[in-house]
Amino acid sequence: MLGSAPPFVLFFLGAIVVALTKGTLRKSVLLSVPLLGLVNLFMTAGADVGAPSAIGESVTHVYLTLELLGYELQLYRADKLSLLFGYLFHIAAFLGFIYALHLGDGIPDGSVASEVGEEDVVGNNSAGIQHVSAMLYAGSALGAVFAGDFITLFVFWELLAITSAFLVWARNSDQSYATGFRYLIIHVVSGVLLLSGAMMLAHQTGSIEFGHVAGELHGDENGGLASAGLPALLLLIAFGIKAGFPLAHNWITDAYPASTPTGTVFLSAFTTKVAVYALARSFGGLDELIWIGTAMTFFPIFFAVLENDLRRVLGYSMVNQIGFMVAGIGIGSALAMNGAVAHAFADVIFKGLLFMSMGAVMTMTGRTKGTDLGGLYKTMPLTATLCIIGAAAISAFPLFSAFVTKSMIMVAAIEEHHYIVWLFMLFASAGVLEHAGIKIPFFAFFAHDSGIRTKEPPKNMLTAMSLGAVLCVLIGVFPGALYSLLPFEMDYHPYDTRHVLTQLQLLCFGALGFITLMKTGVYPDEKRAVHIDAEVLYRKIGPLVVTSMGELVGRVDNTVRTKVMDLLGSVLAGLSRIHGQVGLLARSWPSGNMVFWVSLSLAVYLLFYLFF
Amino acid sequence: MSEHGHHEVKSPVGWMDRPAKVKRLFMLFYAICAALFLSEFVLMGTENLHPHPLEERMGFFVYPVYGFISFWFLVLLARPMRTLLIRSEDYYEGGGAYDPSSDPGHVSTHSPGSEEGMGHPGIGDPGSEVTDAR
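Chains as they are written, first to last, in this note's numbering: chain A, 634 to 1245; chain B, 3 to 136.
Hints may contain errors.
[Stated by the list, open to error] Heads up, simulated DSS-like pairs for lysine-lysine below, C-alpha to C-alpha not over 27 Å straight-line:
no. : chain 1 : residue 1 : chain 2 : residue 2
1   : B       : Lys25     : A       : Lys1173
2   : A       : Lys1002   : A       : Lys1088
3   : A       : Lys1092   : A       : Lys655
4   : B       : Lys23     : A       : Lys655
5   : A       : Lys1152   : A       : Lys1002
6   : A       : Lys1088   : A       : Lys1152
7   : A       : Lys1152   : B       : Lys25
8   : A       : Lys1196   : A       : Lys1002
Hints in this document: simulated from the structure, not taken from any laboratory.
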């Protein structure tokens, strides 16, 4: 059974067991499911598995198929690309469950979170919902990456949306209810677009295979968006919404800060990375992705400078990091594709670590805003250190993970002569250092002392963060292990004197820039405020337009009604003046009236007779 | 601020409250920067393993200058963006424009004119960067 069981099955069965158990038994199930799944995957990988068919030779194994309406559904298709994400999601689930293990055990000792006012800031009352939906969510992500056809992908695509929405709702606040519904609507729309695109593609090509469709996008040779490109375009938009393309990125910055400390860790691991996987599978080498990705690396860093909520800063950081991956997929060379998926791998771990450290702060203090925090290094030195390791990893310091993954995309950009893109990415790399490398640890743990005195978070949280930190360093120091898992053949060595020195120059002089900005007072203060983004369209302007349209319709309707009623009233009054009891035509009714009409008609008749 | 008395006693002063220590960290960081700047002369002599036409066209000291300028560019562009985009915290719940006087928790994260580590513990302190850099 093991070795050919679709990875999602284990997680879905696990979710049932988790729902039925409590205490230690549930904890052991939470931890053993991802480990058992990993064994299952290793046994799959024991078979000779190769690169996806887009580039290079293809050794793909299909383990489980199903027949539906004449189409063959592939529930478990494994090649090097899907296996890489498979390993990643098992690791992410394992770390996430360690991190969420304390849920249901009561509020951590020494926590001052309960004094903040929000009743269940850590989502302790929704422990069961969080454990079960996180298990289903991880299973759906695995189902999606091992799906061999678009229909199977669609099913897991929607399951991802539904299961993760519960992680947003688990916060149990008015804000999280509203956010959860916005989140769900956006992701269901994405799923509907995916299904429409897949159905149109199946109609045109007769195949529902989840494979490379970038070529379909341009239809004819000259690249015009002919009607032939519509299904591929729908698929691209569906993937793009989940990947946080510009203008569709706000669900990330909306949902991640609204969830519980533990929920956000799961949210940050799966949805966007499934989208990156789907883009890599279907749209590798699509030129448009280079510029979409570059835009994604660029604009969020400005919002991240201004944003007060540190978990929302990490949300913008997420868009920025996915931008690097999307650009890499767009470049499409073997090195760039490898860089994109390797960076996704590294990102899940270091971004998870950063979200975990902010979650630990939130669990213990109830706060995540820069204006409320500071000076926590005194009481949470371990958390602070682990956060700094995550910060160093995302900033791509040598010996940390992003140094060996992001650089592949940068080098590929140069090799393929995308110089302007490279300059933008270099700027965005400095931006990453600013908001994730410096701002997050600095405002939470250093800066001005907020006066909050608390404790380190529960041991399970520290364990999960420590494992994440160890992985960040291991990937950075021994990149060979990760490189050997990458889907495409390449020859790349991240460590040479020039790369190390130039990267350190970029980062340290960027940090020097930060110090000068602080000392001159140019660096903007943290403010208790929001900064409007594209979401203003559907959170403010849209509702405003609908409400004011409603008001306008109401007012017009009201005016017309009044006018018509007035008119009717005056007609009735006029009629009653003539026909009423004392009216001209009613006074001597019926005989006088009769005489009047008879003489009138005689007069008309006479006139006709005379003139015609 | 909510404080737990027994914890407060335990850690009233951190290492960042000691100006001398903070100053030493700053000095170390400046020394690292200086060394990295000078390392450019070493790079001039080495062979570039990944031939990089753009670097060659831009000349030397590209990375330190680019890193420094990027931070200033980022912040100088973000500031006018803020005046344009800032709204009150409850903007999406029916609130409107940002009113600085109704921002009780607004704490200055830097104070112009303060010397490094002097008088303002932790202000402008690059503790995180220095740790990162090592």
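Indices of hints not satisfied (ascending): 1, 4, 6, 8
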